[in-house]
Amino acid sequence: MAESIIEFNNVTFRYESDEEGVTLPPAVSDFSLKIYEGEFVAVLGHNGSGKSTLAKLANGLLLPESGTVTVSGMDTKDEEKDIEIKQTVGVVFQNPDNQIVATIVEEDVAFGPENLGIEPSEIRRRVDDSLKIVGMYKYRRHEPHKLSGGQKQRVAIAGIIAMEPRCIILDEPTAMLDPVGRRDVMKAIKRLNKELNITVVYITHYMEEACEADRIVVMDDARLLMDGTPREVFSNTEKIRSIGLDVPQTCSLAEMLRKDGIRLKNDLLSIDELVENIDDILKG
Amino acid sequence: MSHLKTENLSYVYGEGTPFKITALDNVNIDLEKGELVAIIGHTGSGKSTLVQHLNGLLKPTEGKIFLDDENIWESKSKVYDTRFRVGLCFQYPEYQLFESTVYKDIAFGPTNMGLNEKEIDERVRSAAKYVGIPDGMLAKSPFDLSGGEKRRVAIAGVISMEPEVLILDEPTSGLDPRGREQILGLIKNYREKTGKTVIIVSHSMDDVARFATKVIVMNDSRVENSGTVDEIFENSSRLSEIGLSVPQITEIFIRLKKMGYPVSEKVYTVEQGHSELMRLFAERGIV
Numbered sequence: 001m002a003e004s005i006i007e008f009n010n011v012t013f014r015y016e017s018d019e020e021g022v023t024l025p026p027a028v029s030d031f032s033l034k035i036y037e038g039e040f041v042a043v044l045g046h047n048g049s050g051k052s053t054l055a056k057l058a059n060g061l062l063l064p065e066s067g068t069v070t071v072s073g074m075d076t077k078d079e080e081k082d083i084e085i086k087q088t089v090g091v092v093f094q095n096p097d098n099q100i101v102a103t104i105v106e107e108d109v110a111f112g113p114e115n116l117g118i119e120p121s122e123i124r125r126r127v128d129d130s131l132k133i134v135g136m137y138k139y140r141r142h143e144p145h146k147l148s149g150g151q152k153q154r155v156a157i158a159g160i161i162a163m164e165p166r167c168i169i170l171d172e173p174t175a176m177l178d179p180v181g182r183r184d185v186m187k188a189i190k191r192l193n194k195e196l197n198i199t200v201v202y203i204t205h206y207m208e209e210a211c212e213a214d215r216i217v218v219m220d221d222a223r224l225l226m227d228g229t230p231r232e233v234f235s236n237t238e239k240i241r242s243i244g245l246d247v248p249q250t251c252s253l254a255e256m257l258r259k260d261g262i263r264l265k266n267d268l269l270s271i272d273e274l275v276e277n278i279d280d281i282l283k284g
Numbered sequence: 001m002s003h004l005k006t007e008n009l010s011y012v013y014g015e016g017t018p019f020k021i022t023a024l025d026n027v028n029i030d031l032e033k034g035e036l037v038a039i040i041g042h043t044g045s046g047k048s049t050l051v052q053h054l055n056g057l058l059k060p061t062e063g064k065i066f067l068d069d070e071n072i073w074e075s076k077s078k079v080y081d082t083r084f085r086v087g088l089c090f091q092y093p094e095y096q097l098f099e100s101t102v103y104k105d106i107a108f109g110p111t112n113m114g115l116n117e118k119e120i121d122e123r124v125r126s127a128a129k130y131v132g133i134p135d136g137m138l139a140k141s142p143f144d145l146s147g148g149e150k151r152r153v154a155i156a157g158v159i160s161m162e163p164e165v166l167i168l169d170e171p172t173s174g175l176d177p178r179g180r181e182q183i184l185g186l187i188k189n190y191r192e193k194t195g196k197t198v199i200i201v202s203h204s205m206d207d208v209a210r211f212a213t214k215v216i217v218m219n220d221s222r223v224e225n226s227g228t229v230d231e232i233f234e235n236s237s238r239l240s241e242i243g244l245s246v247p248q249i250t251e252i253f254i255r256l257k258k259m260g261y262p263v264s265e266k267v268y269t270v271e272q273g274h275s276e277l278m279r280l281f282a283e284r285g286i287v
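Sequence lines, in order, name chains A and B.
Number 207 in the numbering used here belongs to position 207 of the first sequence; there are no gaps in the numbering.
Number 191 in the numbering used here belongs to position 191 of the second sequence; there are no gaps in the numbering.
Just to be clear, a hint being listed does not mean it is correct.
[Unchecked claim] Derived DSS-like pairs: lysine-lysine, alpha-carbon spacing no greater than 27 Å straight-line:
1. Lys258(B) - Lys283(A)
2. Lys59(B) - Lys283(A)
3. Lys77(A) - Lys56(A)
4. Lys59(B) - Lys5(B)
5. Lys104(B) - Lys129(B)
6. Lys265(A) - Lys193(B)
7. Lys265(A) - Lys258(B)
8. Lys257(B) - Lys283(A)
9. Lys146(A) - Lys77(A)
10. Lys132(A) - Lys146(A)
11. Lys187(A) - Lys146(A)
12. Lys118(B) - Lys259(A)
13. Lys77(A) - Lys34(A)
14. Lys257(B) - Lys265(A)
15. Lys187(A) - Lys86(A)
16. Lys259(A) - Lys187(A)
17. Lys104(B) - Lys196(B)
18. Lys76(B) - Lys146(A)
19. Lys138(A) - Lys140(B)
20. Lys239(A) - Lys265(A)
21. Lys214(B) - Lys193(B)
22. Lys132(A) - Lys34(A)
23. Lys118(B) - Lys140(B)
24. Lys76(B) - Lys33(B)
25. Lys188(B) - Lys5(B)
26. Lys140(B) - Lys187(A)
27. Lys33(B) - Lys20(B)
28. Lys187(A) - Lys138(A)
29. Lys259(A) - Lys266(B)
30. Lys146(A) - Lys20(B)
31. Lys59(B) - Lys258(B)
[Said to hold, decoys possible] Negatives, chain B to chain A, calculated, CB over 10 Å:
32. Val12
33. Glu99
34. Ser100
35. Phe108
36. Glu162
37. Arg238
38. Glu251
39. Glu265
Hints were generated in silico from the structure; no laboratory data involved.
Being a predicted model, the structure only gives us computed values, none of them experimental.
Note that CB positions come from ideal geometry on N, CA and C, so glycine has one too.
Isolated chain A (complex conformation):
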């Protein structure tokens, strides 16, 4: 079994209210979870269920009220480890326009490693490698504001990879993108998980995207509700729907057909699997 990279142990966190004397309910409540090195974990949950808070707790942007969060064994409350923790776990947010700082793509990607005090030849290598892995190398001399949303988001991801984190957390990175932008970002993320063995924590509202992960964690009202493979999680259609989420269209369709007596396999997930299974049945 791989080593764990992020551990949440009975973590509770609440935001402070603007009004005096008012205590808000916890955004994350008695939450425990281990994320292992090399995993690709998708996090699902309705708006306000605590997903983004989780992302910020994982690299010490927020600190727990009770319980502990550790990154490679370092407690996020330990101020001396703060820089090392943020180097280990990088975060990419929803809006690419808020994350780009330079006027040339390669300078933007170099920003992180420059701040880490890395020597120029090594920065050059990292910038080139990062842009290649996200498929943006040929745009290295372009101006970021002239890129499409999906391209900008891939530049933002390259900027994080150039700091060589062991884990990258993405908070709805495709929410503002068109279908092809979404697909390209997903492809880049899968590559860095499979080829560079970077642990990926991927927060999303797109059920189809979550299917690409090794494991899905479902949050509901500040707590952990489900934890399993995409097949396990999406086969529990009723539970998923009861908390305001949905299952991919392939799963819904398969479920309806099964109810009508069509003998489809139990854990179909992708279009390929469903089409193949329907073909088998029709051929008898």
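Based on the hints, put chain B in the right spot on chain A.
Coordinates of chain B only, in the frame set by chain A:
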């Protein structure tokens, strides 16, 4: 009859500077009253720039916009008028709430229209009811609401002006599936009850396929194509070339058809897919 129309509309950002970008290039669209129009296109294709022209927020570099056959830029008063007749709800409108209470935020538009207090009150309450914001919430600060609630308040702020054309730029982005269903339901309902024209800009092909009566496809600042959902989703390979896609459910039927099965490719919802497949299974004696 033409309700809202653009004629050779072009728009250039930063004209006369080295940063000049053509955002709209000779765009001609013609919408009829009561249609539910979806504008789709890759990011940066010009969708948002186009809708910001429809209520006179941006002035065309070239070309004209007609509302009920009248040029909206003909006079100052006409363009002012257009901003109330065509209501525009921006992307992520929840970031634009600014008043101290939900009530005041929804009342902002009607107040600017110069309505009296009683009329404003009626408008606010009926718009709030429309989007499912209970009376008890009206006195709250908009900042104490959830993301989905804030979005509905922002939409109520536009509906309260009772515009003849309601435009929503990416109304469901960033929402969870339940929030998405609520917003789409209320948009559909608004159109059916009032008979008014609704335009949505969307990246969600699933939503577009289910709701739109007309689809306009933008690509690189131009109108690539327009027509019914069937006409637009027929050419799935072209759609993916220009950054778009067909719904997952439609993809299943395109594949089955390619394999030689006699199924329709015009399947946009899981329910349609279910009945189409059951028909096929019945024909083959499987059920």
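Inset, instruction - Could you tell me which of the numbered hints above are not met by this structure, giving the numbers in increasing order? - result: 2, 6, 9, 12, 16, 18, 19, 22, 26, 27, 31 and 38
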